[in-house]
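Asker: Here is what each chain is made of, one letter per residue.
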Amino acid sequence: MMLLPCPWCGPRNAGEFKYAGEGGARPDPATTTPEEWRRYLYFHANTRGWVTESWYHGAGCRRWLVVERHTLTHEVREVRDAVQVAREGAR
Amino acid sequence: MSDTAAPLARSPIAPSPATVLDGWEVSARAATGASTLSDETPLAKVLVRAPFDGAGREALGVGFGRTLRTDLGSGAVLLVGSAPGEWLALGAPGTAPALRTALEERLAGTGELTSVLDLTHGRALVRLQGPAATAVLAGVCAIDLADTVTPDGTALRTSVAAVVTDVVRDDVAGVRSYLLHCERSSGQYLWDALLDAGSRSAVEVTGFRGLGSGGTAR
Numbered sequence: 001m002m003l004l005p006c007p008w009c010g011p012r013n014a015g016e017f018k019y020a021g022e023g024g025a026r027p028d029p030a031t032t033t034p035e036e037w038r039r040y041l042y043f044h045a046n047t048r049g050w051v052t053e054s055w056y057h058g059a060g061c062r063r064w065l066v067v068e069r070h071t072l073t074h075e076v077r078e079v080r081d082a083v084q085v086a087r088e089g090a091r
Numbered sequence: 092m093s094d095t096a097a098p099l100a101r102s103p104i105a106p107s108p109a110t111v112l113d114g115w116e117v118s119a120r121a122a123t124g125a126s127t128l129s130d131e132t133p134l135a136k137v138l139v140r141a142p143f144d145g146a147g148r149e150a151l152g153v154g155f156g157r158t159l160r161t162d163l164g165s166g167a168v169l170l171v172g173s174a175p176g177e178w179l180a181l182g183a184p185g186t187a188p189a190l191r192t193a194l195e196e197r198l199a200g201t202g203e204l205t206s207v208l209d210l211t212h213g214r215a216l217v218r219l220q221g222p223a224a225t226a227v228l229a230g231v232c233a234i235d236l237a238d239t240v241t242p243d244g245t246a247l248r249t250s251v252a253a254v255v256t257d258v259v260r261d262d263v264a265g266v267r268s269y270l271l272h273c274e275r276s277s278g279q280y281l282w283d284a285l286l287d288a289g290s291r292s293a294v295e296v297t298g299f300r301g302l303g304s305g306g307t308a309r
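The listed protein sequences correspond, in order, to chains A and B. Each residue of the first sequence is one higher than the last, beginning at 1 in my numbering. Each residue of the second sequence is one higher than the last, beginning at 92 in my numbering.
It should be emphasised that the hints constitute simulated quantities derived from the structure, not laboratory data. Even for Gly, the Cβ is constructed at its ideal location relative to N, Cα and C. Incorrect hints may appear among the rest.
[Stated by the list, open to error] Okay, the calculated beta carbon distance ranges per label pair:
1. B/Gly-164 / A/Tyr-40: 50 to 58 Å
2. B/Thr-161 / A/Asn-46: 26 to 34 Å
3. B/Ala-97 / A/Asp-28: 56 to 64 Å
4. A/Pro-7 / B/Ala-97: 33 to 41 Å
5. B/Glu-149 / A/Tyr-19: 50 to 58 Å
6. B/Glu-195 / A/Pro-11: 56 to 64 Å
7. B/Gly-303 / A/Pro-7: 43 to 51 Å
8. B/Asp-144 / A/Gly-58: 43 to 51 Å
[To be verified] Sample of chain B residues at the chain A side, in silico, Cβ under 7 Å:
9. Ala-174
10. Pro-175
11. Val-231
12. Gly-265
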């Protein structure tokens, strides 16, 4: 069983979460090209190592989370609320 | 054919045998055992959404993960901090409109974007109570139910028998008791799953209990 330490709910079974893929900066819809959109939506690096990912805690706090996870060992280094991350990025 | 009969509200959990209480069809059973499962769906259920760290939280008096027994002018209410920025208010059957109004008035002065929604007929609510309650619940959910982790007055949302459920520990007169709140369409399944898990612990079905007396602020 894989545990994810939700910053709101504490450690929970990964089955309570939905994996939403690798995180990354969203291109500006006003200026991006269709090719860039395709790359953003469908192309992933699939890194073996530390990856920043988006997860949704659908069976818990219903918050989007930014998770730093090692894809080989499943070790989780940091989990933060995505809203908090976005607020810090906007400053 | 007469069209003047009062409407009868029905829980998603089929009662057997049935009787009518406050306009709701409820179970007429009276359990004799110590551990019981009761359908509490007739309780008024009002959902509040507001910023999790704003003035709304202060106005409601309870944060995420805890419960508070209070009176908002519509009778006894159990306020549950069910998620970040989300509260569930439970009141006596038939008090949902008054409870919604009372909550709207309380939040009106915060100046925040809030919403208050009556979910009474859209959700199912059951109470698992008695000495076997913890063992039965532990069989269908992965939460640590020890007193040190989830004491009386704890609220959390998790997967119970694969159903997203608000779990509220609401002991009654010192007896372990859990309120389990889920979508209406999952109510009968959750009920059956709990009865199945409780079959070895002699969990019995009993009639509507209501909020009970409980404590005060926790």
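Asker: Run every hint past the structure and note whether it holds.
Answerer: Consistency of the hints with the structure:
no., hint, verdict
1, B/Gly-164 / A/Tyr-40: 50 to 58 Å, "holds (52 Å)"
2, B/Thr-161 / A/Asn-46: 26 to 34 Å, "violated (52 Å)"
3, B/Ala-97 / A/Asp-28: 56 to 64 Å, "holds (58 Å)"
4, A/Pro-7 / B/Ala-97: 33 to 41 Å, "violated (48 Å)"
5, B/Glu-149 / A/Tyr-19: 50 to 58 Å, "violated (36 Å)"
6, B/Glu-195 / A/Pro-11: 56 to 64 Å, "violated (37 Å)"
7, B/Gly-303 / A/Pro-7: 43 to 51 Å, "violated (33 Å)"
8, B/Asp-144 / A/Gly-58: 43 to 51 Å, "violated (22 Å)"
9, Ala-174, "holds (5 Å)"
10, Pro-175, "holds (5 Å)"
11, Val-231, "violated (13 Å)"
12, Gly-265, "violated (26 Å)"
Hint violations for this structure: numbers 2, 4, 5, 6, 7, 8, 11, 12, all remaining hints satisfied.
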